[in-house]
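1 is the number of the first residue of the sequence shown in the numbering used here; add one for each residue after it.
Hints may contain errors.
Beta-carbon label-pair distances, calculated as ranges [claimed, not checked]: (1) Glu65 with Ala239: 22 to 32 Å; (2) Lys89 with Leu41: 10 to 20 Å; (3) Ala157 with Trp112: 17 to 27 Å; (4) Ala235 with Asp130: 29 to 39 Å; (5) Ser151 with Arg81: 47 to 57 Å; (6) Gly136 with Lys42: 46 to 56 Å.
Hints were generated in silico from the structure; no laboratory data involved. Keep in mind that this is a model prediction, so the values were computed, not measured. Every residue gets a Cβ at the ideal spot worked out from N, C-alpha and C, and that includes glycine.
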Amino acid sequence: MKNAVATKKPKTRTRTSIPSRARSTYQENSSSDEQTQEELLKLYLPIVKSIVARIKINLPPHIEEADLHSVGLQGLIAALRKYDPKQKKSFGSYAAMRIRGAILDELRRMDWMPRNARTNFKKLRKVVEDLEQKLGRPATEAEVRTEMKLSEKEYQALMTEVRPISFLPLDHCTSPDDSEETNLYEIIPDDSLVAVTDKMEKDELIRLVAERIQQLPEVPRKVLAMYYYEDMRLAEIAAVFGLTESRICQIHSQAVISLRNYLTSVMHK
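Assemble the whole structure, with the sequences as input and the hints as a guide.
In C-alpha cells form, the structure reads like this:
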C-alpha cells in the first residue's frame, strides 16, 4: 500500500505507542487494584487524545472536544474494569475499541447531524451503490456527478455537507507492536455492517479492503494510503497534491462511501 503513496510528503509521525509496561502491569495485577488502574489510566490517556483528535477534526465546531474527551475517558475506564487479560485481544486494542465506541455512541445520542444531511448522504450512497454495481468498479467523481445531475460546485457542496458522516470510518489507533488486525467495526464502523462481521474471516476482510482500494482512481487511492497507512494529516496531504484541505476531504468522502458500499454488497451475498 505504501508504494502507492507519492514520495513527496512530510515526515511520517509515529502512531501513539502503547507502553508494553502497561500491558504487563495489568496482567500481573488484579483489575480491582485501584493503584494499578490509576497507573494504566495515565499510561493510556494518549489513546483517548489521539482518537478524539481524529474524530473531532471532522465534526461541526459546536461539538466540544472537551466533551468528547470526557466520554472517551469513560470508555477507557470501562475498558480497565471489563478487560480480561486471558482474551486474545491486547488491552491497547480493546481500550481503543471501547473509547471509540463510547464516543460514537455519544454522537448518536446527541443526534448532532442535521436530518437534511442524513437524507442527502443516503441518497448519495444509493447513487454510488447503483452506479458501481452497473460499472463493476469504483465510480469516478465525474460519473457520480453526472448520475446525480449536479454541477461540480453543487457536488462539492454536497460532499462538504456529508463529510462528518463519511469521516468516521477506516480509523484505528492500535499499538504498532500489536500484532492483531483491527476488526470490521474498527475499520468501517457502520451500523449496516456490524451485524454481519462474524460471517467473514478477519484476514479475508482485510484482503477485500486492500483490493478495493487498489481499484480506486489514483488520487483517491493515494489519499486513503496517506491518511490511514502513512498517518498524515489532511493539511499535509493537501500540500502534497497542491489542493485545498476541503478538496481532499471531498475525495476522501467519496472513496469511503465506495468502500462501504462494496463491503456491504459482498458481505450480504
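CB-CB spacing for Ala239 and Glu65 relative to the 22 to 32 Å hint: Given range 22 to 32 Å: holds, Cβ gap about 24 Å.
CB-CB spacing for Asp130 and Ala235 relative to the 29 to 39 Å hint: holds (34 Å)
If you check the beta carbons of Gly136 and Lys42, does the distance land in 46 to 56 Å? holds (52 Å)
So does Lys89 sit 10 to 20 Å from Leu41, Cβ to Cβ? Roughly 19 Å apart at Cβ, these two residues keep to the hinted range, so it holds.
In this structure, is the beta-carbon distance linking Ser151 and Arg81 contained in 47 to 57 Å? Distance hint for Ser151, Arg81 holds at roughly 53 Å.
Do the Cβ positions of Ala157 and Trp112 conform to the proposed distance bound of 17 to 27 Å? holds (20 Å)
Hint compliance for this structure: no hint is broken.
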